[in-house]
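Construct the complete structure from the given sequences, taking the supplied hints into account.
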Amino acid sequence: MSQPIVNQLIVGYAREGGKYVATGSVTLVRSRVVNILVDCGDPWNGNEILQRLSEFGIEKEGINIVVVTHGHIDHCGNLGVFKSAKIYMASDIAVNGEYDSLSEENPIMLTPDVDLHRCPGHTDHDLIVVVRNTELGCVVVAGDIFESEDDAEQWKAVSAYPEKQEKSREKILELADWIIPGHGTLFKNTRNRVPADRGGSAIEDLVVPRVVTPSRTSAIGYEQWTEGLDSSNMGLALDEFFRRKAIRELATENGLNTKLFVTAYRSFREYCLSEKGGVEPALLVLFQDIIKEGHDVDRLFPYFLAHARKVFPHLEAMDDLRMISDLTQPHNWYPDARTVQRKIVFHAGPTNSGKTYHALKRFGEAKSGVYCGPLKLLAAEVFNRSNELGIKCDLVTGEERRYAVDNFHPSAHLSSTVEMLSTQMRVEVAVIDEIQMLRDEQRGWAWTRALLGVAADEMSCRSGIRLSTLIRGTVSASETLLGSPVSCSSLRFRGVVRSQSNPSTPNRRRRITGVPADRGGSAIEDLVVPRVVTPSRTSAIGYEQWTEGLDSSNMGLALDEFFRRKAIRELATENGLNTKLFVTAYRSFREYCLSEKGGVEPALLVLFQDIIKEGHDVDRLFPYFLAHARKVFPHLEAMDDLRMISDLTQPHNWYPDARTVQRKIVFHAGPTNSGKTYHALKRFGEAKSGVYCGPLKLLAAEVFNRSNELGIKCDLVTGEERRYAVDNFHPSAHLSSTVEMLSTQMRVEVAVIDEIQMLRDEQRGWAWTRALLGVAADEVHLCGEPAAIDIVKKLLDPIGEHVEVRYYERKTSLTIANQGLGSLDHVQPGDCIVCFSRKAIYNVTKSLEKLGVKPAVIYGDLPPGTKLAQAAKFNDPDDPCNVLVATDAIGMGLNLNIRRIIFSGCTRQGELLPSYSALQIAGRAGRYGTAYADGIATTLRNEDIGTLRDILSQLVEPIETVGIAPTFEQIETFSFHLPQASFVHLLDLFVSVCSISDQFFICTVEQMRTLADLIDYIPLPLKVRYTFCISPINVDSKLTAAAFVKMVRRFSSGQCLTYDWMMDMLNWESIGQPENLQQLEHLEKVYEVLDLYLWLSLRFPDMLPDELAIRDACKQLDAMLQVSVENILEILENSAMGDARKGSLLKKMRERAQTQREKEEYEAQKKKELKMPDKRKGMKKSVLQSVLSQTGLTAEELEQLKKELNEEK
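If you want the working numbering, it's the position in the sequence shown, counting the first as 1, plus 123.
None of these hints come from the bench; they were simulated from the model.
Incorrect hints may appear among the rest.
Pair by pair, the computed Cβ-Cβ distance ranges are [said to hold, decoys possible]: (1) Arg465 to Val528: 22 to 32 Å; (2) Glu403 to Glu522: 32 to 42 Å; (3) Asp1159 to Arg743: 28 to 38 Å; (4) Thr1090 to Arg155: 44 to 54 Å; (5) Gln452 to Ala726: 19 to 29 Å; (6) Gly521 to Glu932: 51 to 61 Å; (7) Pro1155 to Asp247: 48 to 58 Å.
Calculated lysine-lysine pairs in the DSSO-like style (CA-CA distance at most 27 Å, straight line) [to be verified]: (8) Lys805 to Lys916; (9) Lys311 to Lys294; (10) Lys836 to Lys787; (11) Lys996 to Lys977; (12) Lys515 to Lys490; (13) Lys973 to Lys962; (14) Lys811 to Lys787; (15) Lys977 to Lys811; (16) Lys787 to Lys916; (17) Lys736 to Lys689; (18) Lys836 to Lys811; (19) Lys294 to Lys279; (20) Lys934 to Lys962; (21) Lys1146 to Lys1161; (22) Lys969 to Lys805; (23) Lys805 to Lys836; (24) Lys311 to Lys279; (25) Lys934 to Lys969; (26) Lys1238 to Lys1169; (27) Lys290 to Lys382; (28) Lys382 to Lys368; (29) Lys311 to Lys916; (30) Lys279 to Lys290; (31) Lys415 to Lys368; (32) Lys787 to Lys973; (33) Lys996 to Lys1238; (34) Lys466 to Lys382; (35) Lys206 to Lys183; (36) Lys1169 to Lys311; (37) Lys484 to Lys515; (38) Lys279 to Lys934; (39) Lys973 to Lys934; (40) Lys466 to Lys433.
Quick reminder that beta carbons are idealized off the backbone N, C-alpha and C, glycines included.
Here it is in structure tokens:
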């Protein structure tokens, strides 16, 4: 190992949630010499630390040094685990039970590349570890001196000595390239991006010395050059050279500050005293002259300087480097713009004031023009609107180029994102939107470049009031920006008054906000979180003049008067501040103004003097208040953009590939078992290319298998797997997929969208809406209920696509029985009992097995392999398993030979079954071409048959609204305006602000929010976080929730999720064949976690590399679950006895209860909906109560039971 390696084993976190929850970061530093552990976590994650160490092949005895950054419990909780290590903590060193004091030296060298520094502040005894020469440069493990990357507003609240900690933080920022904080992930020190004269690191602190070794020279004359020289006398000469003040001054003149001088001297000394046969002869001769002849050591300086320039190559090129990096005159970078006498028009005004309209109007009137927007959505909107108005306009963003004609005939008008502007392009008019983005820390360069570099005769800039005030107020600011003096004729400001909306305007689009707000959701004003705005320190020049006569008392009176003014409230409302936001913003503004006045801008202090001394009106404070309010609530400045981004009223425009096709739409409408899907798939097979979009992976897999059996090469894509008819280098022209996996960029001849009525589904409806509007196919075949016909026509009407409807009748009869089943004794072969809960499934299954009927069992949490195996047993006429117990999941997805559907009840989750759901389930009875062609629907209880008949006789109401969901690109663009918002907050704000038409609803984002809440504290890029938050996993159980968080946390730290790690996390070795319901459910949850791994591995194959091994593990679990379902009665009985003592008396009682009790129990169950008894938790007498209620115990038997229980204790 040539250089030290730093690994953050555990990423620390700290969060408030009623109670404070935190754990500290744990870091491993490996060098050639030792293994160092920095901090050792809290008392509850010791096993996780050892497991992480084992991934690097390190046992606890392999840790040589433990450094505790400070003595808080979340950083030193596992010290006792590393008893053989040398421990550094506070001012102590401990080894094998013996203690010593830490040296006063600072820093303390642990290895040649690792130092220990005292850096107090968070406590009085903080230590940090500095690791140099890593692949990342210098890494500092900072403990809680840095809580996290974005702790600027937090660290002081938990600091014992803020002033000391401020100095310690400065020290770390000077040393580090990367920092590992106490409660966050590794982050890069961006301090070095600030020029040295503005507080950033000087070049001397950044350069890395090179190692210079002597080269071998010819041996001719070697003895003569080295005669009388040895390390001792040469070393004395070098020491004298080092001490000379004149040498230091010469070094400084040549760019060597003290730090560089010392480093270069050490290298020069080592070079001179190395094997002298490698040192140049002239230097050896000079040493002879110094030692033998007494020449001055100053004569060594030219050789030293030449050597220093090899150690620090920048020294020889500093003038060139400074000239190259001279950024003081950026206007000279754009020669094309400097050849044009440009006219600059600044459209200044608040949001919704029409300033963009006026600028774009001039853009449209010009012979040529370019629009530069901040977002690709805005650029696309200008592109679309221009072409709709007959102005040929092309589009260029970072991701695409689109043309009004084609790439051989470029248009004279161009709409682009601001980064994509070409400064060589000459146009008549240029529009630069959101010019205030000049100040943006990340993207501001693009607006500066556009302002200075666009080669246009006329340039329009659009912004809010504040920046226009800045430029208008100071001519020097304009001259600085535009590179030359600016006259009033060349820079014009158009102050624009906010437009007042007219509620009576005809054909005004209805704006619906919230979930959306007028549908019961929260308004954005109830969701935004105010930011803390603190004054920045200003120069002290003129400070006394600005603050003369000002104090908190008279300033407070002026602010109170400002707050009471009705006109101020009205102005605030016009600018988006309702009463709640106004009060919050005012409080922040008041605190800002009355804080240390040296941090308040001079113009505001001067205005306060005018108000207090000259009696000026307090209304003049409003521009400053509004600017402050927009810092407190950043959304205010971007509301128009936020609404435009979240405009979901025209989703058909999201799919440009589909809009280039004149699609033929065929709707195959009919009930279950009517052959509608058969005819659609027949056309799918006849086509040269096609895609099938199914609601379930089982259906997609069935189409995949049948197509290939018929000789039609077809591939398969689901969320968890990809399978090919040939291989991934030879994709097939036909594809079968789940509807969510449809690619809207794929062009095919025929597309089949199955179960189109799922448009109305609250969670997944968006996928069918997307497939309907976005699939790029010449023919689109829709299969589903007639209830979806009208809404499909309405959705396709704006596109101008006609819908051809083909109606189908059920091929066989479906009869509703006159009475219910009455008793499970009347179950017959081919029956399917449909239950609406797992408890009911277990109850019915247990009762059937005790009647000698062994049913197949299918419910949602079972793996696909188990479901298929159970379906195959039920469909096999030679298998004795001829009765099925299932949940309502059988309504779609499996081909089952069912004679009679028996509803265990007519309610689901406390509500009557909707007619469309009941029809879907009942329609599974009877299957064309089988022994059970005609179907029957009935109920288990006689009293439910009338209810079922009423439900099935109702006409299915036409679907009126369909699901829609925001795309990642929309959320990403939304987040650009709210960079401080968490992902959960972004979702809430997006849903609140968005606009949707009456025929749409937003699919529930609760599942996404739940996952986002779990991982909110883990640092992730937005795209990665979004992907994790749409993962198909139910985190209601502790196992799945904990596994999900651990997987995300490991992903965040940059470590692969390997097979071995997954198996350790899930405690794979302890998993065996389930013996009771608890173990069965645990096994199902483990399968769900592994299924999640497969889903993620398709999206992050590099980070989840062991797909095949995990898939094999899934197959093992599938096989185990199949065995469990086969032996479900034994599992249920073991579960029933789980809390009881297994003694002889209990065995006797169970045998006794086998007869009369079950008959009585079943008769009682017939009178109410089938339901498992509630579990009794924490009630010690529950077993005895159960026993006494089920058997007739004598007093002697009761006494014997007590004795047996006491003996077993």
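Against the structure, the hints come out as follows:
no.: 1; hint: Arg465 to Val528: 22 to 32 Å; in the structure: 29 Å, holds
no.: 2; hint: Glu403 to Glu522: 32 to 42 Å; in the structure: 57 Å, violated
no.: 3; hint: Asp1159 to Arg743: 28 to 38 Å; in the structure: 57 Å, violated
no.: 4; hint: Thr1090 to Arg155: 44 to 54 Å; in the structure: 50 Å, holds
no.: 5; hint: Gln452 to Ala726: 19 to 29 Å; in the structure: 28 Å, holds
no.: 6; hint: Gly521 to Glu932: 51 to 61 Å; in the structure: 53 Å, holds
no.: 7; hint: Pro1155 to Asp247: 48 to 58 Å; in the structure: 50 Å, holds
no.: 8; hint: Lys805 to Lys916; in the structure: 24 Å, holds
no.: 9; hint: Lys311 to Lys294; in the structure: 15 Å, holds
no.: 10; hint: Lys836 to Lys787; in the structure: 24 Å, holds
no.: 11; hint: Lys996 to Lys977; in the structure: 11 Å, holds
no.: 12; hint: Lys515 to Lys490; in the structure: 11 Å, holds
no.: 13; hint: Lys973 to Lys962; in the structure: 17 Å, holds
no.: 14; hint: Lys811 to Lys787; in the structure: 16 Å, holds
no.: 15; hint: Lys977 to Lys811; in the structure: 46 Å, violated
no.: 16; hint: Lys787 to Lys916; in the structure: 12 Å, holds
no.: 17; hint: Lys736 to Lys689; in the structure: 24 Å, holds
no.: 18; hint: Lys836 to Lys811; in the structure: 11 Å, holds
no.: 19; hint: Lys294 to Lys279; in the structure: 17 Å, holds
no.: 20; hint: Lys934 to Lys962; in the structure: 35 Å, violated
no.: 21; hint: Lys1146 to Lys1161; in the structure: 26 Å, holds
no.: 22; hint: Lys969 to Lys805; in the structure: 43 Å, violated
no.: 23; hint: Lys805 to Lys836; in the structure: 14 Å, holds
no.: 24; hint: Lys311 to Lys279; in the structure: 21 Å, holds
no.: 25; hint: Lys934 to Lys969; in the structure: 35 Å, violated
no.: 26; hint: Lys1238 to Lys1169; in the structure: 23 Å, holds
no.: 27; hint: Lys290 to Lys382; in the structure: 20 Å, holds
no.: 28; hint: Lys382 to Lys368; in the structure: 15 Å, holds
no.: 29; hint: Lys311 to Lys916; in the structure: 54 Å, violated
no.: 30; hint: Lys279 to Lys290; in the structure: 13 Å, holds
no.: 31; hint: Lys415 to Lys368; in the structure: 24 Å, holds
no.: 32; hint: Lys787 to Lys973; in the structure: 56 Å, violated
no.: 33; hint: Lys996 to Lys1238; in the structure: 19 Å, holds
no.: 34; hint: Lys466 to Lys382; in the structure: 52 Å, violated
no.: 35; hint: Lys206 to Lys183; in the structure: 9 Å, holds
no.: 36; hint: Lys1169 to Lys311; in the structure: 24 Å, holds
no.: 37; hint: Lys484 to Lys515; in the structure: 14 Å, holds
no.: 38; hint: Lys279 to Lys934; in the structure: 75 Å, violated
no.: 39; hint: Lys973 to Lys934; in the structure: 37 Å, violated
no.: 40; hint: Lys466 to Lys433; in the structure: 52 Å, violated
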